[in-house]
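*Asks:* Sequence:
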Amino acid sequence: MPPPARAAGQEVWDRVWSQRPSAAKDDGLLDRERRGPRWALIVRCLEATFGEIEGLRMIELGSGRGDLSALLAQRGANVTLLDQNEKALAEAKERFDRLGLAASFARGDLLSPLEEWSGRFDVALSSGVIEHFEGACRLQTVRAHHEVLRDGGVAVVSVPHARCPSYRLWKLYLELRGWWPYGVEIPYSKGELLRHAHRAGFAMVATHCVGFWQSVGDHWGRSLLKLGPDWVHKRSFLDKWFGATLLLFAWR
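Here the sequence shown stands for residues 1 to 252, numbered as in the working numbering.
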């Protein structure tokens with residue numbers, strides 16, 4: 001029997017992480033995240049669950065450069081970044097050093113046993129990671145979040161939303177032109193994400209969608225036309241159905 005399908009190949013992520021932003025652009029990326037609705041929801045969830053962010057033990061799985069980890073470290077969390085790509089971890093270390101932030105960095109695979117980190121964290125976070133897996137591996141990546149949490153801990157998982165039309169059309173356009181850079185990327189519906197969370201053993205789960213107009217501005221304006229509006233703040237009644245970012249909050 002063949003092994004279950006995994007994620008995009010190593011060469012895809014080596015190419016992605018070879019494109020390092022300047023310090024000014026990096027600061028701009030973090031500022032946009034800080035001003036956006038996803039960060040507001042994450043802060044609200046963590047403060048409601050734990051009272052405060054300072055001192056929380058947090059791990060970002062498939063961290064890349066650790067955007068959300070950096071923001072949490074600035075709020076006083078004790079952060080660990082886990083990624084299987086050495087270039088991503090090297091960039092993350094450079095970023096944290098430049099910002100004067102403390103963190104631990106480790107190389108690891110979400111589909112491998114995580115005994116070293118089992119039950120150690122208050123928060124398990126991933127952003128733009130688990131949609132890059134196929135088949136049975138999709139459930140395994142959600143289970144990885146459950147494995148590293150202590151009882152009472154919370155997982156925060158951010159993925160592209162399958163029902164966002166602007167994101168889906170933008171992705172299709174890039175694929176047809178041969179410009180899509182991220183290999184396998186299968187967006188999630190709310191139903192699939194909730195099913196995996198329940199099967200992974202989480203006691204309580206909730207989902208939120210944000211970013212309908214941000215997707216239009218970023219994907220079609222800023223990405224393709226290079227002159228789109230910064231709609232990171234713009235809210236819409238369409239968000240809950242067609243927002244580009246789907247967030248899972250799951251408590252162990």
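Hints are not guaranteed to be accurate.
Said to hold, decoys possible - Calculated pairs, BS3-like style, for lysine-lysine (alpha carbon to alpha carbon, straight line, at most 30 angstroms):
no.	residue 1	residue 2
1	K190	K234
2	K226	K240
3	K171	K234
4	K226	K25
5	K190	K171
6	K190	K240
7	K240	K87
8	K171	K87
9	K25	K87
10	K226	K171
11	K25	K93
12	K93	K190
In short, the hints are calculated from the structure, not lab data.
*Asks:* Hint by hint, say whether it matches the structure.
*Replies:* Right, here's what the structure says about each hint:
1. K190 x K234: holds, 22 angstroms
2. K226 x K240: holds, 27 angstroms
3. K171 x K234: holds, 22 angstroms
4. K226 x K25: This hinted pair holds, its Cα atoms lying about 15 angstroms apart.
5. K190 x K171: holds, 19 angstroms
6. K190 x K240: Roughly 10 angstroms between the alpha carbons, so the hint for K190 and K240 holds.
7. K240 x K87: violated, 35 angstroms
8. K171 x K87: holds, 25 angstroms
9. K25 x K87: holds, 19 angstroms
10. K226 x K171: With Cα atoms ~16 angstroms apart, K226 and K171 stay inside 30 angstroms; holds.
11. K25 x K93: Judged against 30 angstroms, a Cα distance of about 17 angstroms means the pair holds.
12. K93 x K190: violated, 33 angstroms
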